[in-house]
Amino acid sequence: AEVEETLKRIQAHRGVVATMVVNAEGIPIRTTLDNSTTVQYAGLLHQLTMKARSTVRDIDPQNDLTFLRIRSKKHEIMVAPDKEYLLIVIQNPCE
Amino acid sequence: MEIMYVYTRKRSEFGRPCSFSDRPAEVNVDIPPDPSMASSFILRNPVDSYVQHTSDMSEHEVNTERVEVESRGVNHVEGGWPKDINPQEVEQTIRFRKKVEKDENYVNTITHLGTLMEHCVKQNNAINIYEEYFEEEEMVEVEDEPPSAKTINVISKLTSFFDVLLSKRDPNVTKRTATHLSWHPDTCKKLAVAYSSLEFQQNMKNMSFDSYIWDLENPNKPELVLRPSSPLVSLEYNPKDSHVLVGGCYNGQMAYWDTRKGGLPVEVSAVEVSHRDPVYGAIWLQSKTGTECFSASTDGQVLWWDIRKLAEPTEMLVLDITRKGLLENALGAVTLEFEPTMPTKFMVGTEQGIVIACNRKAKTPPEKITSTYSGHHGPVYALARNPFYPKIFLTVGDWTARIWSEEIKESSIMWTKYHLSYLTDGCWSTVRPAVFFTTRSDGTLDVWDFLFKQNDPSLSLKVCDEPLSSLRLQDNGCVVGCGSKLGTVTLLEISSGLCTLQRNEKMLATAMFERETKREKILEARHREMRLKERARSEGQGSEVEERPVESPQEVLDRARKEFFEVIEVELQRQARAETQHLGGKVKDRAGEEEAAVVAAAQGEESQLPKDKEEEEEEEKDAA
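Chains X and U, in that order, give the protein sequences. Residue numbering for the first sequence is 1 to 95, as defined by full-length UniProt numbering. Residue numbering for the second sequence is 1 to 624, as defined by full-length UniProt numbering.
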């Protein structure tokens, strides 16, 4: 229930295009997009997050990745990583 | 001749075990020392011998094999599901998901991540964190940076793909010269390069005849391989139809390709009616059908073709400047030039250093050759009209590059100094009327801007160590491709200062061309007068006194001459007076003769400028 609330709230913000929750194996748990797109995003972002995390930790082993933001021409992809799950939000930053 | 050794053995003897047995040593050869030879030995005493205590080192080279890079796509399929769950089954997946959602860990994690995410989302909505705070207007600046060029791509003809093929057959991979480059007319992302070996009779058996079309995105593998029956010397894209190319072969044939149909030529001209020497120039003509082209070769012929029917040429012209149409007298053509805005005229650069301007629409073949321009000591390797001033053209040959105006046939209006190495190719810039490029046989590319500096190239780049053989500028004027003798094509990007039109540039260039043309015209006129003088003087001395020069081109000349004569008269009279004072009447006759001779000499001199007039006066004084 709390989960629902949180996700609904995020989705309701201005400019948010999609929200999804992916587990460590890449299985989409909850998503607002169609399956194939979700699967694509899940696969690619999972790998990228792993790489980013390992980069941060290589430079400083005490450090860890807290958030990943990818801003592109069309929108911004925000990834909040965790040990087991990934929360991915795609937003159109309004300008 | 092969040397063979044949072994015969009985089948039953195969595979038999070998039995070895001992036997005592026996002396096979015994060569006793021959004392008679001892005398021919020289005793060395002392003998130098060296000892070195170091470790033996050897040198090895290692080069990794080139990695083949290919673009591939990846298709994402769902995965990661535990073994017992079939991803296609909706029920099972839903059940799994529900199970996960009930997990406590999940709830906590998501809540935590949710807050984090919300913060960022709100941040995004509140302010554009990547905003540009000071947006500057585009200022039109004068480019002060020094001209430069950057290599963007090097296409080496040998790719690992072809390496493997060729090295299997023959360990030496023959490198051929990139003799001609042609850019794709529309996209400028493709480049067609003709490769052939121009050395006389150097065709090795394993040299491949192929020429390639390269896509700039992929410099490792050619996009299309063109397979003619004989190596291509020149290759051109059809400006109207970008799928069609025409190529001139080393053996004189013409072939045309359609890139949609693959690498073999669609049609090849018949050997009997083609050229007898390599076709050095092949250019497409402006025609309604877009299928006409013409070619020139060192056998002295210029042939017109319609590619729909390559069995015979539509027209032929023999480059005989004595206008008799004899093939024996013909000059070999090395380059061809055609400007689409002037469809009836074209120009041919020859091996003998003469440029011939021809008119295609003349009635009789002798009249086709309108004029000749000679000035180079060696073959004219490149010929190009200035895209902004069609009457001005550039020729490149021997050790210089020369700029000519069509009206002045005696000599070029501007020329570069003599370089240390041959100039092999040249072309005008398509955007700036005062800029042109030349390549040299020491591997240097020169960029000349004669509004900026006239004695030296404004930019000189060493592209490679081997001679550069061809040059071609892309239509946008920023990228230039040069081909070298060993087959490497280098693409360079010119700095924007050299490829953007400057203010007043057109005006300045026009002014400069006009000035030079006028200078040459004056020189030409003077030469003509002098020659006339010479001729007239050799006909007879006496009549010369009366003769005045027939043409009196400028006011200055007339005025100067009049003044000059007046001064002479005054001098002579003064002389005469002085002499009569000393000697007497006899001298007057001599003075009279002298006067006639002096006047004749004065007219013969023809230097009417005031400066020379003074010199004459001094000479007069000395003579007196």
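Fair warning: there could be bad hints in the mix.
[To be verified] Distance condition first, Cα-Cα at most 20 Å in a straight line; then the derived EDC-like pairs of lysine to aspartate or glutamate:
(1) 288(U) x 241(U)
(2) 122(U) x 76(X)
(3) 51(X) x 4(X)
(4) 98(U) x 64(X)
(5) 102(U) x 76(X)
(6) 240(U) x 306(U)
(7) 122(U) x 4(X)
(8) 102(U) x 84(X)
(9) 83(U) x 25(X)
(10) 409(U) x 241(U)
(11) 98(U) x 58(X)
(12) 8(X) x 118(U)
(13) 417(U) x 520(U)
(14) 190(U) x 70(U)
[Claimed, not checked] The calculated label-pair distances, taken between Cβ atoms and stated as ranges, are:
(15) 44(X) x 118(U): 19 to 25 Å
(16) 63(X) x 123(U): 17 to 23 Å
(17) 99(U) x 50(X): 56 to 62 Å
(18) 466(U) x 63(X): 35 to 41 Å
(19) 44(X) x 465(U): 17 to 23 Å
(20) 64(U) x 44(X): 29 to 35 Å
(21) 50(X) x 118(U): 41 to 47 Å
(22) 64(X) x 99(U): 24 to 30 Å
[Stated by the list, open to error] Calculated from the model, a selection of chain X residues having no Cβ within reach of chain U, i.e. all distances over 12 Å:
(23) 11
(24) 15
(25) 26
(26) 27
(27) 30
(28) 36
(29) 55
(30) 58
(31) 60
(32) 69
(33) 83
(34) 89
(35) 91
Bear in mind the hints are in silico, worked out from the structure with no lab data behind them. C-beta: ideal position from N, C-alpha, C; glycine also.
Now the hints, each set against the structure:
1. This hinted pair checks out: residue 288(U) and residue 241(U) have alpha carbons roughly 12 Å apart, not beyond 20 Å.
2. Using a Cα cut-off of 20 Å, the hinted pair residue 122(U) and residue 76(X) holds, with the two alpha carbons roughly 13 Å apart.
3. Restraint check for residue 51(X) and residue 4(X): the C-alpha separation of about 30 Å exceeds 20 Å, so the hint is violated.
4. The straight-line distance between the Cα atoms of residue 98(U) and residue 64(X) is roughly 30 Å, outside the 20 Å bound, and the hint therefore fails.
5. Taking the CA atoms of residue 102(U) and residue 76(X), the gap is about 30 Å. The hint is violated against a cut of 20 Å.
6. Simply put, residue 240(U) and residue 306(U) have alpha-carbon atoms about 14 Å apart, close enough for the 20 Å limit, and the pair holds.
7. Taken as a hint, the residue 122(U) and residue 4(X) pair is honoured in the structure, with Cα atoms around 19 Å apart against an allowance of 20 Å.
8. At most 20 Å may separate the alpha-carbon atoms for a hinted pair to count; residue 102(U) and residue 84(X) meet this at roughly 15 Å.
9. Taken as a hint, the residue 83(U) and residue 25(X) pair is honoured in the structure, with Cα atoms around 12 Å apart against an allowance of 20 Å.
10. Distance hint between residue 409(U) and residue 241(U) is unfulfilled; the C-alpha atoms sit about 37 Å from each other, more than 20 Å.
11. Between residue 98(U) and residue 58(X) the CA atoms are separated by roughly 37 Å; this puts the pair beyond 20 Å, and the hint is violated.
12. For the proposed pair residue 8(X) and residue 118(U), the alpha carbon gap of about 11 Å is at most 20 Å, so the pair holds.
13. Distance restraint check for residue 417(U) and residue 520(U): the Cα-Cα separation of roughly 18 Å lies within the 20 Å cut-off, and the hinted pair is therefore satisfied.
14. Distance restraint check for residue 190(U) and residue 70(U): the Cα-Cα separation of roughly 19 Å lies within the 20 Å cut-off, and the hinted pair is therefore satisfied.
15. At about 24 Å, the beta-carbon gap between residue 44(X) and residue 118(U) stays in the expected band of 19 to 25 Å.
16. For the pair residue 63(X) and residue 123(U), the supplied restraint of 17 to 23 Å holds, since their beta-carbon distance comes to about 22 Å.
17. Range check, residue 99(U) to residue 50(X): about 25 Å between beta-carbon atoms, so the 56 to 62 Å window is missed.
18. A hinted range of 35 to 41 Å is violated for the C-beta pair residue 466(U) and residue 63(X), which are about 53 Å apart.
19. Evaluation of the 17 to 23 Å hint for residue 44(X) and residue 465(U) yields a failure: the beta carbon distance comes to about 46 Å.
20. Here the CB-CB span from residue 64(U) to residue 44(X) is close to 30 Å, well matched to the stated 29 to 35 Å.
21. The hint said 41 to 47 Å for the Cβ distance between residue 50(X) and residue 118(U), and at roughly 24 Å that hint is violated.
22. Checked against the hint of 24 to 30 Å, the pair residue 64(X) and residue 99(U) passes, with Cβ atoms roughly 29 Å apart.
23. Against chain U, the non-interface label of residue 11(X) is violated: not every CB pair exceeds 12 Å, the least being about 10 Å.
24. For residue 15(X), the non-interface assignment is contradicted: its Cβ lies about 6 Å from the closest Cβ of chain U, within the 12 Å cut-off.
25. The claim that residue 26(X) lies off the interface is violated: its Cβ sits roughly 4 Å from the closest Cβ of chain U, which falls inside the 12 Å cut-off.
26. Here residue 27(X) does not stay apart from chain U, with its beta-carbon only about 5 Å from theirs, under the 12 Å limit.
27. Its closest Cβ contact with chain U, about 7 Å, brings residue 30(X) to no more than 12 Å, contrary to its assignment away from the interface.
28. With a cut of 12 Å on Cβ distances, residue 36(X) falls inside the contact zone with chain U, its closest approach being about 8 Å.
29. The Cβ of residue 55(X) lies farther than 12 Å from every Cβ of chain U, with a closest approach of about 20 Å, so its non-interface assignment holds.
30. With a least beta-carbon separation of about 23 Å from chain U, residue 58(X) lies farther than 12 Å from that chain, consistent with its non-interface assignment.
31. Listed as a non-interface residue, residue 60(X) keeps its Cβ farther than 12 Å from every Cβ of chain U; the least gap is roughly 21 Å.
32. Not every CB of chain U is more than 12 Å from the CB of residue 69(X) (nearest about 7 Å), against its label as outside the interface.
33. Not every Cβ of chain U is farther than 12 Å from the Cβ of residue 83(X); the closest lies at roughly 8 Å, contradicting the non-interface assignment.
34. Remark: the non-interface label on residue 89(X) conflicts with the geometry, its nearest Cβ contact in chain U lying 6 Å away (cut-off 12 Å).
35. Not every Cβ of chain U is farther than 12 Å from the Cβ of residue 91(X); the closest lies at roughly 6 Å, contradicting the non-interface assignment.
The earlier numbered hints that this structure contradicts are 3, 4, 5, 10, 11, 17, 18, 19, 21, 23, 24, 25, 26, 27, 28, 32, 33, 34, 35.
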